[in-house]
Amino acid sequence: MIGWLIFFFSVFLAMLAYASYLSYRKDRSSDEFILGGSNIGAILGFLTFSAALFSAFTFMGMPDFFRTHGVGAWIFLALSDALMVFFLIWFGYSLRKRAALVGYQGVSGLMKSCYGNRYAGYLLFVSSFLFLIPYVSIQIRGISIFLDAAFPAMLPSWAWAAVLVVIMLVYSQIGGLKAIVYSDAIQGVIMLAVIWIIGVTCLKMAGGFEVAIAKVAESNAGLLSLPGPKGLFSPQFLIASAIAIVLIPVSQPQFTTRLVVMKNLKSVHRMAYAVGIFAILVILPTAFIGLYGSIQYPEASTAEFLTQALLFDQAVPVAALAVVGLFAACLSTTNAQIFALGTELRSLLTGSDQANMRATKISILIFSIIVLIFSTYMTDELVLLARVSFTGTSMIAPVVLGAVIFKNPPKGLLLISSLGLGYFILSLVEIVPNQLLGQPLDIVMYGILAVATTTLMLQHHFTQKTNNEA
Amino acid sequence: MKHKIWRFLVSLVIVLTMASFLIIFKENKLTPSLAGIPFIFWSGFLVTVLVVFATYLASKIFPYMENTKS
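Just so you know, the sequences run in chain order X and W.
Residue numbering for the first sequence follows our numbering, starting at 1 and increasing by one per position.
Residue numbering for the second sequence follows our numbering, starting at 1 and increasing by one per position.
No lab work stands behind these hints: they were computed from the structure.
Every value quoted in this text rests on a predicted model; they were computed, and no experiment measured them.
Hints are supplied without guarantee of correctness; some may be wrong.
Ranges between beta-carbon positions, derived for each pair [what the hints assert, rightly or not]:
(1) X/90 / W/36: 36 to 44 angstroms
(2) W/28 / X/207: 38 to 46 angstroms
(3) W/2 / X/459: 27 to 35 angstroms
(4) W/4 / X/1: 54 to 62 angstroms
(5) W/63 / X/429: 41 to 49 angstroms
(6) X/430 / W/57: 26 to 34 angstroms
Selected chain X positions facing chain W (in silico; Cβ < 8 angstroms) [what the hints assert, rightly or not]:
(7) 74
(8) 100
(9) 263
(10) 267
(11) 269
Beta carbons: idealized from backbone N, C-alpha and C, even for Gly.
Given the sequences, and given the hints that come with them, work out the whole structure.
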């Protein structure tokens, strides 16, 4: 096993080193470092978007989600992702149109320019910081507990987390966004190959799809329908999850920036349906692994199930490749998010190009250290924590949507999003209840935000029309 | 024509989504199964494929052009 691990890691690290070398330019500006020259094509774009989207949360969380909560997990993630890529067709166009008019250095900077108000930029940055830090920490936590369980005598879990962060820092600091895009492409391909090899192996070990379904029907039939044996997949949960996931490209800057730095609108549109196909391909084998887990390891803990299904039940080279695949999946999401935080900070700075570049690099280092510390305090509920992050960032969606729809967006949207974000944070720290009107808070808040945002936008639209006519 | 098809696709995806969440994805529904696959899994898969296919069509007929001069 160790021999195979060293082999696959060496190949993987050599590819990352080559990606950094290809991306490095001594005399580059901060725009080239942060925005990768803004000429990413459809194939690279789809791989970097997919790799940033599908992470340790998909690779490890989804098999466990299928095992514990059943087939409704498909609707929770795959259908929501499909709706998100459909939304990208319009949102990619509108965002790029606004970015071309106002200029783009990051979403926070774009909001500051569109609203003519520094607070709009700060609101975006604070929301990203508050919810991306825990999300990145989840990824690191996921991979480190997995590696710790798989190789208990080798390194403590914090050391695995540190190795991952150091590798990420080295190549992102050398090559900037371009290196991240290249490495995402490598990681995306590895992840897809590995998850299918493991998925098919698990399905075979379970006796094939039909036999596996029959076994699950006997042992825990609740896994084969909604809301699942623990009642998680209620209509409210699934609808709120779909809204949060559809809004990911609006409210999570690592995705928003990827839409802007692509070569042209055609590339964005090709990327959109390619990500949809990738979502189906990457989530389907996680269902097979989960199905196998529900038969073979129904009572095991998350870490036990994952180490057994992904490592010890696999042939040695596949297990070694799985470790590298998981590492790659985690790395791609982590670097996308930490780099995005650096980008957002830089878009709010007003100094010289050189000073901004230095500040961005230092901020990326600081964000990495914060994430590393935070990851030691996270729980193992990877998917549910990721969902909290999606919901939290989606509270600022009205601000971003207002900015891409209107030339002079209504400032009332800043108030709506601030109240939504503030209330959601208060519910997380249990100062206010996480239910309203007997319903989960997120679905009620989406309802209120949707009504308030639509009313404000319609009022603004007709006021502007009247003013123009006058 | 492109505008009409685009609007039709948007309406189709909205109706399909609402029908899926409010009518198709019913709790405790196991049948009709398809080749042994439980109802929620195959219907969820089918709706996902339809939405991705709608995305492909939308990418081909999207009626608005990017201003390349700016």
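| Which of the listed hints are not met by the structure? | When the structure is compared with the hints, numbers 2, 6, 9 and 10 turn out to be violated.
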